[in-house]
Amino acid sequence: MKFVVSSSVLLKQLSGINGVIANNPVIPILENFLIQLDQNLLTVTASDLQTVMITTLEVESSNTGAIAVPARLLLDTLRGLPDQPITFNVDSDTFGTEIITENGRYKLSGENPVDFPKVPQVTKSLSVQIAADVLGAAISNTIFAVSNDDLRPAMTGVYVQLSSEYTNFVATDGHRLIRYRRMDVTSDSTSTMIIPRKALNLLKSSLPSDDTTVTADFSQANAFFSFNNIKMICRLIDERFPDYENAIPQNNPNVLTINRGELLGSLKRISIYSNKTTHQIRLKLSSNDLVISAEDLDYSNEANERLMCDYEGDDMEIGFNAKFLIEMLNNVNSNMISLEMSAPNRAGLIVPADKKENEDILMLVMPVMLNSYA
Amino acid sequence: MRKIIHIDMDAFFASVEQRDNPALRGKPVAVGGSKERGVVAAASYEARKFGVYSAMSSMVAARKCPSLIFVKPRFETYKTVSRQIRAVFEEYTPLVEPLSLDEAYLDVTHNLKGINSATEIAREIKAKIKEQTQLTASAGVSYNKFLAKIASDYNKPDGLFVIKPSQGEAFIEQLPVHRFHGIGKVTAEKMTKMGILTGLDLKNQEESFLKEHFGKAGSYYYHIARGQDDRPVNPERIRKSVGSENTFFTDLESRAELQLKLEPIVEDVWKYCDRYQIYGRTVSLKVKYKDFQLISRSKTTLSPIFSKTDFERIAYELLDLILPVEKGVRLLGLSLSNLEDPNDLIGKQLTLPF
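Heads up: the sequence lines are chains A and B, in that order.
Position 258 (the first sequence) corresponds to 258 in the numbering used here; numbering is contiguous.
Position 143 (the second sequence) corresponds to 517 in the numbering used here; numbering is contiguous.
If you're looking for bench data, these hints aren't it; they were derived computationally from the structure.
Treat each hint with caution, since some may be false.
[Unchecked claim] Distance condition first, Cα-Cα at most 25 Å in a straight line; then the derived SDA-like pairs of lysine to any residue:
(1) B:K722 x A:A221
(2) B:K446 x A:N254
(3) B:K438 x A:E245
(4) B:K682 x A:E60
(5) B:K614 x B:F449
(6) A:K284 x B:G412
(7) B:K453 x A:M316
(8) B:K538 x B:R605
(9) B:K722 x A:Y166
(10) A:K323 x B:L676
(11) B:K682 x A:Q250
(12) B:K559 x B:N578
(13) B:K722 x A:N330
Model the full assembly from the supplied sequences, consistent with the hints where possible.
As structure tokens, this is what we get:
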């Protein structure tokens, strides 16, 4: 089997799917790219058993065949080469692969392509069309709140709720929760699924930032995404997502409305003085007055700032992890935001004041318990 | 014969507030939230004259006493005072069983100072508490916990009342049943209907009769009516759960009935937890069917339940698990366990309630 391809084109395609490959895969063949040739069409597959990414590109060839080649070795070689047409020469009996370039010849020992795990196929499924930039926004607005706790697997992915009116993308780590709703993503039938974090991260980095159509197909166990010349298949998390709707407090009479940038700036400065493990800061709220403070008792450092704001409700003091607030505020695209609260031991809601078309975002964050219980 | 003292601080939270803020002295004060859903955690004696009591809703309290001053609770301060009085107790005996921040039983039969008279010890403790905290306490002295507790309540505030072994039975005989510790409002009403109004009436009942009508508690009533209470003063006592249950006159069959009857039980448990700042993570529902089959369903959350809404929601979720019922339900109970010390919660990142 023999084909000729541009070194830079191949490098670009392989880099797009390389993230799937695990450092120490369960089965050694997963350290390889599976390369399948059908005359002019070259298909490259990378897998970690949970997630599979496939890319296709055109090459010059009149052969068919397949080979598994070590991903790291191949990528490092391509990165070091000046852009040029290169020739792959594969011995189908020994799986030896030779790369012939202007600079010289490189011999890699490949593996039997038959050993590469089978890729799941789309079976009876639900299909949704999403613009790449919308899907990208849904991922970046939620993924930072996904849990790392493998003991609660349901929370290690983004929960997707499809309906005929809108689609919810929900992420939580138990301390905070994001519900990102799109009115422009709908499905004829309602369905829910949990997509694992790794797959979404890979998707996010390979999605174009335009409105290219992404086709998402969901079967019982897998999700299939395809756009341009890339396909991704991932196993869904087969767990029950927490009943999050009930955790959203309904009555939040204490409302702080404030400029997002000013609040963010203040939080960043004050958090420098907070305890390094808890990142605890204190918001002291009274009529149209907000004082943010923090202290690190271990080093007797402390700081406080008073901010202009609009506050309606009871006087209250509430503690938060500054990192959580900063991360959440960084993900809001609104000049003004409101923080709606009920009590110092119940979740606060961050809501952007200016809403974008087709988009609705709700962020919940649980407080840190302060010593003076108000 | 043992020597037991029960010490109870007088209007504790409210007295601490009056001590620390002279402007509140001599005035009706309620510690607790003044808002719509707040409850009175403690009322000063001036407020009690208007009929304001702890666990009353703040709205009702404000109506009863328009000049009532609401003060936010400062639990840190109360805890500090609680530690001070605890230290006083421990000068006399290691056998101290705290019931809450402001109340404890002491077994001074063999005390560290070798004082023979428990009354003398009670007097000294009261004086030391006054000296160190500027607060008054009431003490009850007797030969068991039940009588000591009744005695401390007899002469409040700043009281000292002794029930000697020779007086015990006579004292109980004349006591109305609703003043018995361990006989609540509902039980007292039930007893009244049966014609049991005083300790003497209670003493005249057979143990089997009391057991039949009041279950396990019947046996306790039988003995306390005779001034007998062998429960030791237990310094290790740590509260493990808070619960309430109710047995119904007629078996409950429908979803609506069950939901209706669960509501006051939810109220009961939450009111208590709220008042004593008890936070737990496990809610358990207990159900006894008409054939006496007993089942329970429970749910544990990641962080303590702080709001009544969450507590209520979980309670009804648990009820849903047994619906629809196949046979009549004669008893429903609800409890909160896996309790966390509020002190351990400071600085803790709270978790969403699911």
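Hint by hint, here is what the structure shows:
1. B:K722 x A:A221: 38 Å, violated
2. B:K446 x A:N254: Roughly 18 Å separates the two Cα atoms, so the pair holds.
3. B:K438 x A:E245: 40 Å, violated
4. B:K682 x A:E60: 70 Å, violated
5. B:K614 x B:F449: With a Cα-Cα distance of about 21 Å, the restraint between K614 (chain B) and F449 (chain B) holds, given a limit of 25 Å.
6. A:K284 x B:G412: 21 Å, holds
7. B:K453 x A:M316: 22 Å, holds
8. B:K538 x B:R605: 18 Å, holds
9. B:K722 x A:Y166: 36 Å, violated
10. A:K323 x B:L676: With a Cα-Cα distance of about 21 Å, the restraint between K323 (chain A) and L676 (chain B) holds, given a limit of 25 Å.
11. B:K682 x A:Q250: 13 Å, holds
12. B:K559 x B:N578: 21 Å, holds
13. B:K722 x A:N330: OK: K722 (chain B) and N330 (chain A) at ~24 Å, within 25 Å.
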